[in-house]
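Protein chains in written order, with this note's numbering: chain A, 3 to 479; chain B, 3 to 479.
Keep in mind the hints are simulated off the structure, nothing from the lab. Yeah, the Cβ is synthetic: ideal placement off N, Cα and C, and Gly gets one too. Keep in mind that the hints are not guaranteed to be accurate.
Stated by the list, open to error - Computed cross-link-like contacts, DSS-like style, restricted to lysine-lysine with a CA-CA straight-line distance of at most 25 Å:
#1 B:78 / A:270
#2 A:470 / B:69
#3 A:118 / B:233
#4 B:144 / B:207
#5 A:78 / B:278
#6 B:79 / A:79
#7 A:69 / B:466
Claimed, not checked - Chain B stretches covered by chain A per the calculated footprint, using a threshold of three residues with CB under 8 Å from any CB of chain A:
#8 38-49
#9 103-109
#10 113-127
#11 231-240
Unchecked claim - Simulated restraints on C-beta separations:
#12 A:122 / B:56: 49 to 57 Å
#13 A:89 / B:329: 54 to 62 Å
#14 B:43 / A:392: 32 to 40 Å
#15 B:292 / A:122: 41 to 49 Å
#16 B:56 / A:385: 56 to 64 Å
#17 A:24 / B:56: 34 to 42 Å
#18 A:121 / B:392: 51 to 59 Å
Number of protein chains: 2
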Amino acid sequence: MIHEDTAKELSLHVGNRIKISKGRKNVISIIDTIDGVVNRKQIATSDDIVKQLRLKNNDVVDVTLVKRPTSIELIKKKLSGERLSREEIKEIVTDIANNALTEVEIAFFVSAVFAKGMTLTETKDLTRAMVKTGKVLKLRGKIADKHSIGGVAGNRTTPITVSICAAAGLIMPKTSSRAITSAAGTADVIETIANVEFSISQIKKIVKKTNACFVWGGALGLAPVDDTIIKIERVVNIDSTAQLLASILSKKISVDSKYILIDIPNGKSAKVSRVKAKKLGHAFESLARKFDLKVKVVLTNGSEPIGNGIGPVLEIKDVIKVLTGEADAPKDLEDKSVFLAGQLLELTNKAKKGKGEELAREILDSGKAYQKFVEIVKAQNEPGKKFRRFVQPKFSRVINARNNKRVKHIDNQLINRLARYAGCPEDKLAGLYLHKKKDQFIVKREPLLTIYAQSKEKLKYALKFYKKNRKQIIEFY
Amino acid sequence: MIHEDTAKELSLHVGNRIKISKGRKNVISIIDTIDGVVNRKQIATSDDIVKQLRLKNNDVVDVTLVKRPTSIELIKKKLSGERLSREEIKEIVTDIANNALTEVEIAFFVSAVFAKGMTLTETKDLTRAMVKTGKVLKLRGKIADKHSIGGVAGNRTTPITVSICAAAGLIMPKTSSRAITSAAGTADVIETIANVEFSISQIKKIVKKTNACFVWGGALGLAPVDDTIIKIERVVNIDSTAQLLASILSKKISVDSKYILIDIPNGKSAKVSRVKAKKLGHAFESLARKFDLKVKVVLTNGSEPIGNGIGPVLEIKDVIKVLTGEADAPKDLEDKSVFLAGQLLELTNKAKKGKGEELAREILDSGKAYQKFVEIVKAQNEPGKKFRRFVQPKFSRVINARNNKRVKHIDNQLINRLARYAGCPEDKLAGLYLHKKKDQFIVKREPLLTIYAQSKEKLKYALKFYKKNRKQIIEFY
Numbered sequence: 003m004i005h006e007d008t009a010k011e012l013s014l015h016v017g018n019r020i021k022i023s024k025g026r027k028n029v030i031s032i033i034d035t036i037d038g039v040v041n042r043k044q045i046a047t048s049d050d051i052v053k054q055l056r057l058k059n060n061d062v063v064d065v066t067l068v069k070r071p072t073s074i075e076l077i078k079k080k081l082s083g084e085r086l087s088r089e090e091i092k093e094i095v096t097d098i099a100n101n102a103l104t105e106v107e108i109a110f111f112v113s114a115v116f117a118k119g120m121t122l123t124e125t126k127d128l129t130r131a132m133v134k135t136g137k138v139l140k141l142r143g144k145i146a147d148k149h150s151i152g153g154v155a156g157n158r159t160t161p162i163t164v165s166i167c168a169a170a171g172l173i174m175p176k177t178s179s180r181a182i183t184s185a186a187g188t189a190d191v192i193e194t195i196a197n198v199e200f201s202i203s204q205i206k207k208i209v210k211k212t213n214a215c216f217v218w219g220g221a222l223g224l225a226p227v228d229d230t231i232i233k234i235e236r237v238v239n240i241d242s243t244a245q246l247l248a249s250i251l252s253k254k255i256s257v258d259s260k261y262i263l264i265d266i267p268n269g270k271s272a273k274v275s276r277v278k279a280k281k282l283g284h285a286f287e288s289l290a291r292k293f294d295l296k297v298k299v300v301l302t303n304g305s306e307p308i309g310n311g312i313g314p315v316l317e318i319k320d321v322i323k324v325l326t327g328e329a330d331a332p333k334d335l336e337d338k339s340v341f342l343a344g345q346l347l348e349l350t351n352k353a354k355k356g357k358g359e360e361l362a363r364e365i366l367d368s369g370k371a372y373q374k375f376v377e378i379v380k381a382q383n384e385p386g387k388k389f390r391r392f393v394q395p396k397f398s399r400v401i402n403a404r405n406n407k408r409v410k411h412i413d414n415q416l417i418n419r420l421a422r423y424a425g426c427p428e429d430k431l432a433g434l435y436l437h438k439k440k441d442q443f444i445v446k447r448e449p450l451l452t453i454y455a456q457s458k459e460k461l462k463y464a465l466k467f468y469k470k471n472r473k474q475i476i477e478f479y
Numbered sequence: 003m004i005h006e007d008t009a010k011e012l013s014l015h016v017g018n019r020i021k022i023s024k025g026r027k028n029v030i031s032i033i034d035t036i037d038g039v040v041n042r043k044q045i046a047t048s049d050d051i052v053k054q055l056r057l058k059n060n061d062v063v064d065v066t067l068v069k070r071p072t073s074i075e076l077i078k079k080k081l082s083g084e085r086l087s088r089e090e091i092k093e094i095v096t097d098i099a100n101n102a103l104t105e106v107e108i109a110f111f112v113s114a115v116f117a118k119g120m121t122l123t124e125t126k127d128l129t130r131a132m133v134k135t136g137k138v139l140k141l142r143g144k145i146a147d148k149h150s151i152g153g154v155a156g157n158r159t160t161p162i163t164v165s166i167c168a169a170a171g172l173i174m175p176k177t178s179s180r181a182i183t184s185a186a187g188t189a190d191v192i193e194t195i196a197n198v199e200f201s202i203s204q205i206k207k208i209v210k211k212t213n214a215c216f217v218w219g220g221a222l223g224l225a226p227v228d229d230t231i232i233k234i235e236r237v238v239n240i241d242s243t244a245q246l247l248a249s250i251l252s253k254k255i256s257v258d259s260k261y262i263l264i265d266i267p268n269g270k271s272a273k274v275s276r277v278k279a280k281k282l283g284h285a286f287e288s289l290a291r292k293f294d295l296k297v298k299v300v301l302t303n304g305s306e307p308i309g310n311g312i313g314p315v316l317e318i319k320d321v322i323k324v325l326t327g328e329a330d331a332p333k334d335l336e337d338k339s340v341f342l343a344g345q346l347l348e349l350t351n352k353a354k355k356g357k358g359e360e361l362a363r364e365i366l367d368s369g370k371a372y373q374k375f376v377e378i379v380k381a382q383n384e385p386g387k388k389f390r391r392f393v394q395p396k397f398s399r400v401i402n403a404r405n406n407k408r409v410k411h412i413d414n415q416l417i418n419r420l421a422r423y424a425g426c427p428e429d430k431l432a433g434l435y436l437h438k439k440k441d442q443f444i445v446k447r448e449p450l451l452t453i454y455a456q457s458k459e460k461l462k463y464a465l466k467f468y469k470k471n472r473k474q475i476i477e478f479y
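For reference, chain A alone in the conformation it holds in the complex (with noise of 0.2 Å):
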């Protein structure tokens, strides 16, 4: 923003794409008027520009006019249904990492891709114009990662199943997002017993010494294009195949994953139907097919919530128990978690076909796996931590059955909305507890559900939000 009278003297008009430099950094953006708060000498940016180009008040920059990008015609042209060479794909991408188009041309090219689609040899290219354009991450031995497409509430596997497979000997650099629509991500999670952000040099210390890493992907300038992307997707929340298939296995490239197991949870208040799931499974061996990685797809039951607790707190306590084999550790994240590890261990031939599941079990049971864990959390923290001993939640609220009944379906939709009302991902310590889960009998004026809440109003909210939709939240047969 820069005062009217500038603006005319320079003849820069409301709208002109102009590249503020400040030494070799510079941004692209898009000039407006503002009247009052500078003076004719001055400029406003957003805390966005002052971040990446290190400003400080006073600084001297340079303003220049810049010309509209060619890549806006290939925009148009992906819009119009066309096809888009490796070339014109890798002009976008570089064009979006330079911060030379604006959030509406970006805009532009999502609907283009989700309106028309991309062909494989398009996914391909878009996937490796986002590797080119961020940074990577060497390491050695046998890299392995997994990934879940998402959308089932409290499936915190990750921790468990890179724990096992860590102490197998697989090394996995693992990155994690943190929730975005859901109540806790696993940085989400993590992040309530360790340090969740470091930066590339600091990831490859933690791995070189434990085999593993549970931290954000999202600072680290792994193909972030990306998460431009995305962040622009979710404006209209939408999920387009080839910018989901290609965000995966960016990210995966970037770390120098070889072996990559995908997890595509699908049915009932899933993210996606049981065809869908098999469609876009397909499409991510064709993909990884491309890039000579050895990908393994699993479909698995995402119809229900897994583990007891919502929430970030809640959630690692559920990890914990399954670690260290408590006894009311939840029966479904331990199976999950072993399930995962076992077709892992297998893909990258840690154990024979059909002995996987057997081998990671061995390893959870032997204790190796908590104690990995455990030195993992220790080397993302400073030397001497411990682990936090968790403080009770300020408010809570048990929700008992009304009458004897057994449990036919929960929905892992309302069951996120309902612990973000309560205060989730942002409350550490709120969230839900599920006393009971599918085919259970519950007995009257048993637990049926505890609501956690840091504040009064939250816990308000997320029980008005409760007995509005309580029939859907929970069914009973």
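Add chain B to chain A, keeping to what the hints say.
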């Protein structure tokens, strides 16, 4: 933009949708954070918002968080290829009108309409919703209008056609646009001799007095959603048929026109091919039927520029020459204007079938059209103000023929670009004069083209562009 600490205090996050209110006016915007420029009690906004809310420094405004509009789901629905109902289209258009959607969200809507198309019923609903969310002009009499889809350089028929028809008794509240990619729009041209920015009530007075007006339609608030959508379309230079139809008809319906003449210039270097023009014409007729409008579509030859002058002042000079019957008046401009006026006179039953052109030429030749033109221009100026006597442009360069030859083709798009390099439309005196047109002979050293500019640099830019594209700008046999 608010201070980072204020954002934290109010639990507002970058990207949150907020409503800024002052009195009864409000604007929806998106939160960004900024440091140093504003203190914790201040907000900074773009000039656009300042104007919309009529803000002054130290004004107190209310900032409240607003919910994500449900129209975003409808945009997603369209993007997935589904049809939208009348109510759904109304909801989207109303949200755009109320500033409840961001530019990125509108971009998704615009791409959805472009990539997936709209049925005739959807287009009708879009048109109606655009009219309903804007102001309207109510007038008495036979209200008629003309519209050209543009693309032909110099094609300034509007002032002539409207003057003829208004002299014949038609009511023509003509609103025009400014140039976007061309050398001049009708509003830019009329502005060289009259004011073009009025309120709706002022326009009413002008039309009551003179039967017609030539005003800028931009800030009148007639179907304003159309302007918003066009602004976003321009980002990637797309033009969906549904939006084009809705755009034109909504403006005409807003000024209560019952008789509408649509000119679709087509052919080499025009906006559309003959085939596309026919299709578009049919679409116009079908849509008009839904609104009970009398629409006549004419497909005209748009291969070559029309008139000799290209640029605001150069074009008004051509217009005046035609109206006053000067010997060197451009014949092509005169003929097309008379043809269009004839069509309108027949459509409105002012002339019998086949006799419209005759009547139009009679009105032009009698001087009544010029008299009407002067009357309208006077009504659009302060009392007593005379037509400005045009000063000479500061710089000019005559391009002479290198040898004897015959003009084969002059390219509309390149001519427009050349004129823009010379300073059009901002520099009113800048532009081109075409001494020779298609099929005319030119003798060695005779002037072919004169370039006018208001600065040496711009003349240089224009000459550089001319030299580089000489063979494509004007082709010879």
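Indicate whether the distance between the beta carbons of residue 122 of chain A and residue 56 of chain B respects the range 49 to 57 Å.
55 Å, holds
Cβ-Cβ distance between residue 89 of chain A and residue 329 of chain B: within 54 to 62 Å?
56 Å, holds
Keeping to a limit of 25 Å between CA atoms, is the pair of residue 78 of chain B and residue 270 of chain A held or broken?
The hint holds at about 22 Å.
Please count how many residues of the stretch 113-127 of chain B have a CB within 8 Å of a CB from chain A and say whether that reaches 3.
holds (count 5)
Can you tell me whether the CB distance of residue 24 of chain A to residue 56 of chain B sits inside 34 to 42 Å?
36 Å, holds
Are residue 121 of chain A and residue 392 of chain B spaced within 51 to 59 Å by their CB atoms?
Cβ of residue 121 of chain A to Cβ of residue 392 of chain B: about 57 Å, so the range 51 to 59 Å holds.
Do the alpha carbons of residue 118 of chain A and residue 233 of chain B lie within 25 Å of each other, as the hint requires?
23 Å, holds
Measure nothing beyond the straight line between the CA atoms of residue 470 of chain A and residue 69 of chain B; if it is 25 Å or shorter, mark the hint as holding.
Holds - the C-alpha atoms of residue 69 of chain B and residue 470 of chain A are around 19 Å apart, at most 25 Å.
Coverage assertion for the stretch 103-109 of chain B with respect to chain A, Cβ distance below 8 Å, three residues required
Satisfied; 5 residues make the cut.
Holds or violated: residue 144 of chain B with residue 207 of chain B, Cα cutoff 25 Å?
Holds. Residue 144 of chain B to residue 207 of chain B sits at ~16 Å (cutoff 25 Å).
Does the structure keep residue 78 of chain A and residue 278 of chain B at a Cα separation of 25 Å or less?
19 Å, holds
If you count the residues of the stretch 38-49 of chain B with a beta-carbon closer than 8 Å to a beta-carbon of chain A, do you get 3 or more?
holds (count 7)
Every hint from the earlier list agrees with this structure, and none is contradicted.
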